[in-house]
Amino acid sequence: MKQKRSLLEKAAAVPHMVWIVLFILGPLLFVLYFAFTDTKGSFSFSNIELLTSYSHIFFLSICFALVATAFCLLIGYPLAFVMARAKPSSQKLLMLLLMLPMWISLLIRTYSLMTLLDNGGLVNSLLTAMGLDTVSIVGTGGAVILGMVYDFLPYMVLPIYTSISKLDKRYLEAAADLGCNGFQTLFRVVLPLTVPGIVSGITMVFVPSISTFYISQKLGGGNFDLIGDTIERQFKYASTYHIGAAISLVMMILILISIAVMNRFSDGDGEEMIV
Amino acid sequence: MKILSRTYMWVVFALLYAPILVLVIFSFNDGGSLSAYTGFSFRWYGELFRDQVALQSLKNSFFLAASSSLLATVIGTFAALGLDRMRNRYVKGAVNSVTNIPMMNPDIVTGVSMMLLFVALGGMLGLGDVLGKWTMLIAHTTFSLPYVILSVMPRFKQFDKTLREAALDLGCTPAQSFFKVELPAIVPGIVSGLVMAFTLSLDDFVISHFVSSPDFQTLPLYIYNQTAHNVKYSMYALCTLIIATILVLLLAVNFAGSVGDRTKRRREALK
Amino acid sequence: MNNKLIELRSIVKSFDGEQVLCGIDLDIHDKEFVTLLGPSGCGKTTTLRIIGGFETPDTGEVVFEGKRINDVPPYKRAVNTVFQKYALFPHLNVYDNVAFGLRLQKVSEEEIRDRVREMLTMTGLKGFEMRKPTTLSGGQQQRVAIARALINRPRVLLLDEPLGALDLKLRKDMQNELKRIQHATGITFIYVTHDQEEALSMSDTVVVMADGKIQQIGTPTDIYNEPVNAFVADFIGESNILDGVMLGDKRARFAGHTFDCVDGGFAKNEQVDIVIRPEDVDVVPVSRGMLAGTVSSVTFKGDYYEIIVDIAGFKWMIETSDYVAPDEKIGLYIEPDAIHVMKKSEYSGKFGDYSTFSEEMEHLSDPELEVEEEVVSE
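Protein chains in written order, with my numbering: chain Y, 1 to 275; chain C, 1 to 271; chain D, 1 to 378.
For the record, the hints were derived by calculation from the structure and aren't laboratory data. Misleading hints may appear alongside valid ones.
Keeping only pairs whose Cα atoms sit at most 30 Å apart, straight-line, the calculated BS3-like set for lysine-lysine is [to be verified]:
no., chain 1, residue 1, chain 2, residue 2
1, Y, K10, D, K76
2, C, K2, Y, K169
3, D, K169, D, K31
For the chain D half of the interface with chain C, some residues (derived, Cβ under 10 Å), not all of them [unchecked claim]:
no., residue
4, R49
5, T81
6, A145
7, N176
A quick note: this is a predicted structure, and the numbers were derived from the prediction, not measured. All C-beta atoms in this analysis are idealised placements derived from N, C-alpha and C, irrespective of residue type, glycine included.
Put together the whole structure using the sequences plus the hints.
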């Protein structure tokens, strides 16, 4: 039935539309504007040209984010798999255990990890107590990556867990029936069917990893400048908005492209599965 | 095989929780060290409650979470209604994509882009430094909107249109049918959107970091400032309290959920 | 007959350029049980929705007690509906669902309590007041839907395939129940179904529809015994439909034989469709038969055998209580009053030949399945 819409129904979305134009599109336009103007306000490519001197920062950030994402996937997939195959009664508890860290502020978790690994922290006190040398963990690249994995692992596990538990059990039975053992079932049936979960897990870990600044500040001990740190510095301390806007713009485009590629990848895989 | 996978799972969980547990345990450490436990004490909790800055940030956080989640819920619910009734598919698609930008973008980009808007507009309009309570409210409302719409929209979509016809058939005017029949079906979505917006606002640090000023601090900003300098040990007490609150809330939601599940199952058994 | 309550005048309705109703004319009388019967997509539900006020006709008039009501919204019509999937409000319990209409009319709570109690007693739902609709069985939900509509004392009750979701046994019970309720309340029922058996056993008047047009209006016996065209003959019960020629009054020739029949009023040598019901054919020895043929299949149906007989290439369906063997040669005997003659129509030659007949095909084209699919695709 084609209903006549009341005035309220027609106008209901208008405040929202005004809001998002003002506060979502508006800010992005300002990013564009600042990225392509100099301090005097005239059009200029100088900010973009200046970005070449930040290329090593981009490179380092991408490397760290990729490595962290890879570790999350390697640790997270088996975890999700084991969780999804646990007894239904214990799955609730496991979900709770997984969700709790996601709700706790990233600041608290990062900071607690740092205090644990710090030179005066519990790990090193234990090493000393056992008569071993202390190790400086905080301040290394490894610590930064460890922080990312620690902070974002649940974001990898959750979507994969969801897609594994949604998987129709009959596929597994069919695979077993056709002669797959446990590992073959995992690699030939479960893994391909959970690609969408993997893709969303990768996105959910990669995006915050590449844009973080708190993790590198705390666990990197200030030794590593990532994109997030650079942007934060431009805006919070140096007030060099133009170059900051240019870096933000490039990072945004970088992320949008990689999300698009990832989605394309998972779509393509989906079609293959149907064929 | 089973033992191996179980062990693996519990080891990962143990590692995930170890730092948090250490933090919680050492918040009761009388000595105020994170490596040597010298005795149980509520000392730091006492100090926390005497810390006016911390208490003020807590108040600010709740004020901001309440006001931004309410605002986002009102705007978002009306938006979901309007989008559900909207016939122009292109406008609908465009609105949806723009709404979801803050969900896709890294928080830091959302934060700095809003900061640019506020700073530039403040400068243009001659308002000077506008960053503070109101810019925080705008920013939190903005990043909550997609989540509100995401939880209300499906309720509108799933709403059985014949129920509306049944209401008209039994004598409801279109307005009455909306309030008596459609709204009750939407309410759970509105509530979960509100709760989601509230928790997102409480938890947000990155975006707040860029659109705030020192005179309006929220809890995450307070924690950040604490960890940026010499940490007061009362911070551990604060973190412990936050973790405890989250744990209680999650358990409550989970319990409510399992009660709901049970009634659902009972219903299905009756069918 | 009682006075006219509803009149539909040349109703035309299109959806997205596709005409679903092409000129519907129908009178519905007070206290009548009218059934709109037809396959899915024939326009019966649209007709019902136009009476309910959920659709407006493109052209034509809906008249209620002499007044044109085309533009009267549903909530101002003295008509209530029992919806296909009941459409019970999930957030209200049985009592509040049933009381819904009265509350809108600002009836006092005491009166509501009495009338709800009365209604729930009549529909056999006593004791279910506090239950939520989702906790009820299909049959119980059905009763709530009926009670919720009837409590408003409408002049007309519209029922849109109300028994479609119930299993066979329950459906039979509910048919009797509905009939009883209609007698007790004296309310006009307009009932939509694709189930011909349901239509024949419940209605005062059956309206057979196909392709957006009314094919025939009549009592159940009229519709069964005197179908006007091949579509109606095939849709109502089983029929053998043959091409025939009227040699003169009460003389018809078909299947290579000339028969006496009881129908007249045709031109000499007019081409016609002949309908013969499977149960009206007698199986006799070949020597005594008017026609002779070979049995090609036999299916046991419980109280009779359904046999397919090949007579000069045309397959007949015949119901007989005596067993015959496949490939047996048999004779057929047809009484004059078993032969029904119809004018040629657009449906001639499309129905009534059992050469491709199989139970599975019948099952696949079951309109109920199509209805299910429609619901899913929504």
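Below or equal to 30 Å on CA atoms is what counts here, so check K169(D) against K31(D).
Judged against 30 Å, a Cα distance of about 27 Å means the pair holds.
Hinted contact A145(D) with chain C - closest CB pair below 10 Å:
holds (9 Å)
Closer than 10 Å between Cβ atoms is the bar; does R49(D) clear it against chain C? Give me holds or violated.
holds (8 Å)
Using the nearest Cβ pair, does N176(D) come within less than 10 Å of chain C?
violated (24 Å)
Compare the distance between the alpha carbons of K10(Y) and K76(D) with 30 Å, and conclude whether the hinted pair is satisfied.
holds (24 Å)
Straight-line alpha-carbon gap K2(C) to K169(Y), limit 30 Å
holds (19 Å)
Mind checking the CB of T81(D) against every CB in chain C and telling me if the closest is under 10 Å?
Interface hint status for T81(D): holds (5 Å vs cutoff 10 Å).
Checked against the numbered hints given earlier, the structure breaks only hint 7 and satisfies all the rest.
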